[in-house]
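Student: Sequence:
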Amino acid sequence: MTGMMKSLVTRGIKKGRQLALWNYIFNCDWDIMASTTKAREQGFESFEDGERMFSQILPEMAETRMFPPL
Numbered sequence: 077m078t079g080m081m082k083s084l085v086t087r088g089i090k091k092g093r094q095l096a097l098w099n100y101i102f103n104c105d106w107d108i109m110a111s112t113t114k115a116r117e118q119g120f121e122s123f124e125d126g127e128r129m130f131s132q133i134l135p136e137m138a139e140t141r142m143f144p145p146l
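Every number in the numbering used here is 76 more than the matching position in the sequence shown, counting from 1.
Rather than coming from a laboratory, the hints here were simulated on the basis of the structure. Accuracy of the hints is not assured; some may be wrong.
As the list claims (entries may be wrong) - Each computed SDA-like pair below joins lysine to any residue, with the alpha-carbon atoms no more than 20 angstroms apart:
{"#": "1", "residue 1": "114", "residue 2": "124"}
{"#": "2", "residue 1": "114", "residue 2": "125"}
{"#": "3", "residue 1": "114", "residue 2": "127"}
{"#": "4", "residue 1": "114", "residue 2": "129"}
{"#": "5", "residue 1": "114", "residue 2": "131"}
{"#": "6", "residue 1": "114", "residue 2": "128"}
The model shown is predicted, which means the values in this text are computed figures rather than measured ones.
Use the sequences and the hints to build the structure in full.
Tutor: Given below as structure tokens:
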């Protein structure tokens, strides 16, 4: 078991100590979408352009019948 997993198991995530944070995260009334593509294209680490990635992956998934054809 890795150090992080062992830490999570032994602490039991402090049963509810972070409940307010999780309530906020899962009960938001709005969605947040952000693109870091331009920043990454200028030299910030490696990146994957989401639009290009999905335009390649979705047809492949449709061909393997993971969902109906597009």
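Student: None of the hints should be skipped; say for each whether it holds.
Tutor: Now the hints, each set against the structure:
1. 114 / 124: holds, 11 angstroms
2. 114 / 125: Distance ~9 angstroms between residue 114 and residue 125 Cα, so the pair holds.
3. 114 / 127: holds, 13 angstroms
4. 114 / 129: Holds: residue 114 and residue 129 sit about 16 angstroms apart, inside 20 angstroms.
5. 114 / 131: Distance of about 19 angstroms is within 20 angstroms: holds.
6. 114 / 128: Holds, at roughly 14 angstroms.
Checked against the numbered hints above, the structure violates none of them.
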